[in-house]
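Chains as they are written, first to last, in the working numbering: chain A, 2 to 101; chain B, 202 to 700; chain C, 801 to 1333.
None of these hints come from the bench; they were simulated from the model.
This structure is a prediction, so every number in the text was calculated from the model and none was measured.
Among the hints, a few may not be true.
No farther apart than 30 Å at their CA atoms in a straight line, the calculated lysine-lysine pairs in the DSSO-like style are these [what the hints assert, rightly or not]:
(1) K305/B / K236/B
(2) K88/A / K305/B
(3) K828/C / K568/B
(4) K568/B / K924/C
(5) K578/B / K888/C
(6) K568/B / K88/A
(7) K578/B / K1132/C
(8) K881/C / K578/B
Covered by chain B, per the in silico footprint, the following chain A stretches (three or more residues, Cβ under 8 Å) [said to hold, decoys possible]:
(9) 29 to 42
(10) 50 to 62
(11) 65 to 78
Where a beta carbon is used, it is the ideal one built from N, C-alpha and C, also for glycine.
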Amino acid sequence: MVEIQSYLILSAITFIIGVVGVLARRNAIIVFMSIELMLNSVNLTLVAFSAYLGDTTGQMLVFFVMTVAAAEAAVGLAIVIALFRNKQTVNIDDINILKW
Amino acid sequence: MVEQTLHSLSQFLPETTLTITFCISILAGLILRNKPKVIPVISFAGILLATVFAVRQMGSSQAVFSGMIVVDPFAVFFKLLVGSTAVIIFLFSIYSQEVQSTLKRLVEYSSLLVAMTLGMFLMAGAVNLLMMVLAIELTSLSSYILAGYTKEAPDSSEASLKYIIYGALSTGLMLYGISILFGLTGATDVYAINRSLAATSVNSVALLIAVLLIIAGFGYKISAVPFHFWTPDVYEGAPITITAFLSVASKAAGFAMLIRFFKISFIDFNLLAAHAGGVWGLLQGFEWNKILAILSVLTMTLGNLVAVWQNNLKRLLAYSSIAHAGYMLMGVVVLNDKGLAAVLVYFMVYLFMNLGAFYVVMLVANKVGSEDIDSYKGLGYRSPFISVAMVVFFISLAGLPPTAGFIGKLFLFAALLDARWVWLAVVGALNSVVSLYYYVRVVRNMFLRDPEGSTEPIRFSFPQMAILLLLLVPTLLFGLFYSPIVELANASVLMFGVR
Amino acid sequence: MNFLGIGTLSWITFLPILGMIAVLLLPKENRNAIRWTALAITFLQLVAAAFIFFNFNRGLAGINTVEGMQFVEKVSWINIKGVPWFGKIYVEYFLGVDGLSVPMVLLTALISFVAVIASWNIEKAFKGYMVMLLLLDTGMMGVFVSLDFFLFYVFWEVMLLPMYFLIGIWGGPRREYAAIKFFLYTLLGSVLMLLAIIALYFSVTIPDPTTGEKIYTFNMLAMMNPANFEPGSLLAGTSTYWRYLAYIALFIGFAIKVPVFPFHTWLPDAHVEAPTAISVILAGVLLKMGTYGLLRIGYPMFPDAANHYSWALAVLAFINIVYGALCAMAQKDFKKLIAYSSVSHMGVVLLGMSAMNTQGMLGAVFQMFNHGTITAMLFLIVGVIYDRAHTRDLDAFGGLAITMPKYTGIMTVAFFAALGLPGLSGFISEAFSFLGAFQTHRYITIASTLGIVLTAAYMLWTLQRVFLGQPNEKWAGLPDINGRELAALVPLAIITLWLGVYPSTMLDIMTTSVNHLVEFVKQGGAAVAMLPK
């Protein structure tokens, strides 16, 4: 039997890795992957709590989070493609027409 | 079960109308490929109809779809606000060059606007965290695409990318916060969260982290500092009509959700029921309003100070809209119905003045081809009427009488002083002095400077002027006769299940 | 006293708006029609002001009673029904005049009329100029006649935008800077005032005449009655921290307009850059709003704070008088000199107000009127010479008495009135102010008399530099003052002379009200002090 704390710590670590990835990585594709990582750690937390509380609401939420993740990825990648056609790059540092 | 669903559907008429309109718009786009101009008409009619249905919901107060969504005066108010904004945005779009130059993709434009409106309608009524997330996502996904609508323009797709990255990040943070809150309370329904928090004491550090993360999600929607980074870029890069829509409707829906989440989750209902005056007590001694007070000060101060340095009018208005979010947050901080009523009054006023300012920017950009403040030099002599209207909108945004903006500020400050938040009121008042400086910079260019280059008068057509008057007249009228908006706001602070 | 069913005060306030609409409808090429319309409107306003002046009952005090107010108009304007957590909101369209406001109403009408004459030959965007001038006129008049705080504030702020444009578009080389400086300073003052207004609003309730339910009100007269303050509200009680703070907030709002040192730095810029007619209005009317506001609002609503801080006001008055005079002495620019002399002369008003006795206050109110007329003359005089020579450098002139004798005559009257020569109106009001203040703040007043000496010095020195001595060859061909300019200056000069010889024409109007105000503030402070803490 694995304690709930272990799940929570694991998900917190993956979540932080995801956040750092979004903030630090410069490749738009990797940024989207990091966001996926964040959402998946959310899923892990939800499932862990769901099992712990004996309440299936959390598991139901997971399905919605997965859908949200898929939709965001679809739109996000489409936007990356549109941008790539204009600028021939997916590096965030090169995307700098707009600033302060 | 079936009966309940049927009953729910009857209370879901505005949203159903929007859903059907969305589907019809897409189908019509496929069938009537050669007549793209028909689709916006369909979408427009659908939104208008949905708004009318929302008006008919006035006064009702009930939960539908097994407590996922409520129909109450508060939700109806925001539906009306969002619906009217959408209607006005469609009127703007008729004269928007950015939109009209991409006739082929008009289907996307108008159907996504409908989807966005639908998302915001749901945001206004959502009382379940799951529903809130889904509503936010529906709104956000549509707006990501619309922000990059003129995809040939590099800044538009750039805006879109920044928007989705920040958006997805805040959604992630918010969802993580929700998962922790779910773990603490075992519920996703805000009423159930309230009951759970009232019954058992929870780990206060975990609660703080969860709420901070959830604030990140709301803060992103209302563009509060430090979740505002996307705002200037998106406002500048997106087509003006979309910018205007985001600046009013999206912010309003975000506020609706933020207020509802905090008010229902963390207020001691027993205390509220015991006092007719609406005394609010906070559960678990958790003073989240202090967090919001700090956010509010940061938001308005940063918005105003950075706006001073802007040379692009759209970007200037973006920072000004950040500052306005800060003003409105002050009303939430107060923690009573007076504060909420002040926020609602402010939103009604903000609708007219902010849309008006964006409309003038759009009209001028159509003729001059630039949104730069320098291109406004001497505009007062080339197109006096438009310039005077712009002055009125700016004066109203700065909060000077006799315009409606003053009434908004008046009620906010009144709520703050009444609750003895004197320092916050002083900060807000000083901020409005700063804001005057950058609004007046534009006024100065229009009237105090001579035109550069062409001095030809700029003329606008009669319908264009009519739309302008539609926004100008209320901005002035509500400054002198504000009973209707205040009465509507007073009636609209009622939420289902509270008191 | 209605005309077409509308009261005199509404007419006098909104006539300029009618004129503004008329001017807007005129074609902009037709300069004659525009200027004559504006002149006719301001003349009608002056007639209405004279009507009020002659029909004013000198025996009624006003200040804090509706019965004592005259020409009262009171209509419900905004009436929002109460909900449990939001008291009933009730705003009235409430106009009325008493002995404090009648001189100001007269002054405003007079100065506006003179300003239109002085703007006869504006070159740039004449129509826009007149529209702004008339809008400004409404704002000024409204401030002096409104007795509802909300209405007062609206009028107070309505003036800002026209003033910004009038300085910013038609001003001198540094007009943009001067205009935005004026705008921001004044707005800073008025937001602080707004916070004080709101705090007052939530502290004062009056019973509804029909149902007896408590309603919050912006009625100024209700705010003056200590009994109306809700126990436990922010500004309830007496001599509390919050009351002092609110008084200071109000004071800063008004002090910026006066302007009181150290809030005066906008004034030299605005006065110097503004066109002649606007300088006249600024000095003649706008500065009086600050002191009027203190007397109408600050004193009767916060008698405790007013008494408590009267010494501070006296010190500020001293600084204004002496510092203003010293600055004026150092100026080479004619207009800047007059601007600083305004700072000095408004100091006399403040000194009179700080006296807290009838003599001082009477002197202060009278000085407000006199300074309005005298400074208006001085600015017009500067305008006349600037129009001809296109310079305001004092050292560039000399011996103008030979080339421009009529001009010199008028100017001498104005200068001697400004330095307080007996027989001219300025003497009476300054004497009253100093005498009153001497009883209350002895040493500060003695120190302030230094200002009189300094004023005499710079005024006479200026007179000497400009008019006496060797005629400067360069200005030999300057034409003397013309009929239009005389039309603006002569009425003001006559008033100055008349009030110098026969001051009771004006003093009669104010005495009852000022007496009442002094008693009220004294009693208010004393009565409140006796209440248990």
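Quick rundown of the hints versus the structure:
no.	hint	in the structure
1	K305/B / K236/B	9 Å, holds
2	K88/A / K305/B	23 Å, holds
3	K828/C / K568/B	25 Å, holds
4	K568/B / K924/C	26 Å, holds
5	K578/B / K888/C	46 Å, violated
6	K568/B / K88/A	28 Å, holds
7	K578/B / K1132/C	35 Å, violated
8	K881/C / K578/B	46 Å, violated
9	29 to 42	holds (count 7)
10	50 to 62	holds (count 8)
11	65 to 78	holds (count 7)
The earlier numbered hints that this structure contradicts are 5, 7, 8.
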